[in-house]
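For the record, the sequence lines run as chains A and B.
Residue numbers for the first sequence follow this note's numbering, beginning at 1 and rising by one.
Residue numbers for the second sequence follow this note's numbering, beginning at 1 and rising by one.
Please keep in mind that the hints were generated in silico from the structure rather than gathered at the bench.
Take the hints with a grain of salt, since some may be wrong.
Copies of the same chain look alike in the list, so a pair counts if it fits in one copy or across any two.
As the list claims (entries may be wrong) - Here are the simulated SDA-like cross-link-like pairs (lysine to any residue), alpha carbons at most 25 Å apart as the crow flies:
id : residue 1 : residue 2
1  : K36       : N216
2  : K59       : A170
3  : K174      : Q232
4  : K59       : A285
5  : K36       : E418
6  : K312      : M82
7  : K341      : L15
8  : K36       : N416
9  : K380      : I61
10 : K368      : G276
Number of protein chains: 2
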Amino acid sequence: MKNFPTLSEKNQSNLIHELTQYSLANGLIIYPPDFKEYQPNLAPVTLFPTPYPSKEFEKSILIATQFNSLYGSIVSEKKWLMEIIKDLSVFDSDFTGKLYSTHLEAEKQGIPQPVSLGLFRSDYMLDNISNEIKQVEFNTVSVSFGGLSTKVGQLHSFLNNYGLYTSSGAPYYKSDDLPVSDSANGLADGLHQAVTYYESKHTDAKTIVLFVIQPNERNAFDQRAVEYSLYQRYGIPSKRVTLPEATSKVKVDPTTKKLYFDGSEVSVVYYRSAYGPQEYDCQEAWDCRLVLETTLAIKCPSLVVQLSGAKKIQQLLTDSATVSRFSPDAANEDLLSTFVKIYPLDDSESGAYAKKLAFEQPHLFVLKPQREGGGNNVYKEDIPSFLKSIPEAEWAGFILMELINPSINKNLILRNGEIIDEGVISELGVFGTLLFNEETGEVLHNAAAGHLLRSKTASSNEGGVAAGFGCVDSLYIH
Amino acid sequence: MKNFPTLSEKNQSNLIHELTQYSLANGLIIYPPDFKEYQPNLAPVTLFPTPYPSKEFEKSILIATQFNSLYGSIVSEKKWLMEIIKDLSVFDSDFTGKLYSTHLEAEKQGIPQPVSLGLFRSDYMLDNISNEIKQVEFNTVSVSFGGLSTKVGQLHSFLNNYGLYTSSGAPYYKSDDLPVSDSANGLADGLHQAVTYYESKHTDAKTIVLFVIQPNERNAFDQRAVEYSLYQRYGIPSKRVTLPEATSKVKVDPTTKKLYFDGSEVSVVYYRSAYGPQEYDCQEAWDCRLVLETTLAIKCPSLVVQLSGAKKIQQLLTDSATVSRFSPDAANEDLLSTFVKIYPLDDSESGAYAKKLAFEQPHLFVLKPQREGGGNNVYKEDIPSFLKSIPEAEWAGFILMELINPSINKNLILRNGEIIDEGVISELGVFGTLLFNEETGEVLHNAAAGHLLRSKTASSNEGGVAAGFGCVDSLYIH
């Protein structure tokens, strides 16, 4: 591996200036808190790409379509999945439970569209002992940063080619070693597949994609990159509506169940929201989800696809027999090697073993609530005292996950004009798109769709880019 | 002509939202006063394109290369030009005089590069009586908004195609009626021609373009659009330096007179500064201009080319015999029809006539100082009292220019999130690029390079976009 670029103070200051203006000129931006709509900020970024072993990067891309298939198969075996979700609902009645009951209600009313679109992202950390990627989680709803990832890759490539990483003005990296993620286009391609399928089956009209978003979205430009790619490359326009407003703004034909927005037929409902309990703070939000779920539009994702992303499913898949059962192709060494041990803390045999581990070797684990978005993770030595502080009956609401020991890399984070130099921990996300029939399991489209590297300071345990803890980064493969 | 789009309050508010995010995502931005570098603003823009008669627009493009030739010829007849500039220096010793004496000093030291690049912009207003374009001025230095003009054209086309100008979602305009200016690329093409010429004649090295800019440039993203086009399309990198700093940062080989910046050979010095007296507030700025002028790099523009943009030259060209003398091709009806009457206020016969006009029919005129950037225009009825307030000997420091009566069009300006609905007056700029030998007059490249429409509220007499009075706009040709 090459050494890290070292720049004089003057050259680093020039790099920051050039980076900032290139990024702003090319939409690598985000809204700050309490923003004025016409005044964005430079998105938090690293100054340099972060080193990543090529073998692990290639593996992550290779297994993307297999993960797509695996989750498609799980969704198609709805009975098995729903049994698990039903059990989970006990621990998370407010959110998982409501998603589940909304699905049941939708089924009762009738779900006219069996075809479903998944825009997925599998997140990995590089374990510094095995030097292998290990899966942190598999996201089945509202995956973000596909748009800005393309832009940060273009940024780092530009800075390198423009000679800003060296004092001589020569490139520091070989171009081939800085792969630019095609995720803005890749996610748009997935939407395009779904639109094309819908139009071929259901209509002669030109349809639109309906982005269901959060109010005051700070990460709007990440979403816009996908929207504009979809329009510029395929001529497919999108419209945007917030979750609670959608019910009052859409129209559903009671006979055909076709969905209309502002006079246009909607072929795909694309959620860039609706993934956390705080978004369902009013009955309108749940009503909206139900209304949309029972239309003919293809949902990205459906409630079932969203529910398949539960941590409990991730835990069950660490058993290779379960993977084999759902998708024999996926049960290969590459994919299985990305799993760390995950244990339930319930009354099972495995649960009993895990409870012992939690008290005897807590430093190897992180405790994660089954409940979505409703609590924080508990790390290492804090686990025993935390468990003692709650009734044992509630322990089954958590999973115990083997800690990944991420490498700490040298890099500099630029946020709000300030440089943070504390080393970075990075998380690789790999996007995948899957268009499939939930009832028959038939796969209509399955593709890898680019990647994402998010980095955060080595000291911070959690947090996304928009929340202000991390930043978008790109890969230097070696 | 079609009616102007009328939108409901809801649709207009949606249009503003979509316009804002598309613009920010695509770099249609500007820094506000007292900016933080990582936080730009949406550039002031119109919501809609402004109607423009196609015949006049086509004419403006057609005559662009003829204006290039004309100014190239004037520069090549240096003796004639310098006599005029010498006379002008009396009225503007601080600026025109200093530019002139700096040129003389450069000539004394030796100007090794006879080839010169002009990136010009001819500005017109549409006279609402004749319905013809009339030239406001011909700019020979640091012409701006070529970058943002392309972006505002793309913006208005996008909004139209995306169906945001109608309640039905259909386009309001025919695509062909919304010409997108190719000026970002056009200006880059001019620079590319100069770089290629320099490299073919003088070096085997890969050279750079040196942008000489103002400190704390608010309009940086307009310049960046040209820079990135030049790099992305031709692989030619640029570097940036401020005017007073350049002397200490460049190196000149005393033998070859080659110019180097940060270790790179500079083929073209591109001024996006150096056009107003307030920029030369220290001797370093003048020194810098002299140092650069006497290098082998191609200047865009040279001091002589810059001086050819004096209002006095514009006045002299209103005589068709003068045009014929310099460029017989340019002395055609189309080009000559763009001139309004311009009179000197000196001791000539024409001057005596003009003095009479100034007092008898002041409402038809604007009084403009010969002095560059050093005073304000005086309009209509204010002219007599103004002239009386200064000694008659100083009157020759002004020209009397026939007022153009611009059409007022309906349009809405969006600035800092607020809509201004007062009608707009628009100025059409047409870019041209000319690479030529100042000594022989040989033309190496001559092209039209896109256009620009700037609009301002009907009530404001003056002011550019960055100054906060106007905004970037695009054409709807009809």
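We went through each hint and held it up to the structure:
For the identical chains of this complex, K36 and N216 are neighbours both inside a copy (10 Å) and across copies (23 Å), given an alpha-carbon limit of 25 Å. Proximity of K59 and A170 under a CA criterion of 25 Å is satisfied in neither setting, with 31 Å inside one chain copy and 46 Å between copies. Taking identical chains as interchangeable, the C-alpha atoms of K174 and Q232 lie at most 25 Å apart only when they sit on different chains, with a minimum of 18 Å there against 30 Å within one chain. Taking CA atoms no more than 25 Å apart as the test, K59 paired with A285 passes in neither setting, with 39 Å inside one copy and 57 Å between copies.
In this homomeric assembly, K36 and E418 come within 25 Å of each other (Cα to Cα) both inside a single copy, at 21 Å, and across copies, at 12 Å. In this homomeric assembly, K312 and M82 come within 25 Å of each other (Cα to Cα) only inside a single copy, at 12 Å, whereas the closest approach across copies is 84 Å. Proximity of K341 to L15 under the C-alpha cut-off of 25 Å is found in neither arrangement, the shortest distances being 42 Å within a copy and 51 Å between copies. In this homomeric assembly, K36 and N416 come within 25 Å of each other (Cα to Cα) both inside a single copy, at 16 Å, and across copies, at 9 Å.
Taking CA atoms no more than 25 Å apart as the test, K380 paired with I61 passes in neither setting, with 31 Å inside one copy and 71 Å between copies. Within a single copy, K368 and G276 get their C-alpha atoms as close as 16 Å, which meets the 25 Å cut-off; across copies the closest is 64 Å, which misses it.
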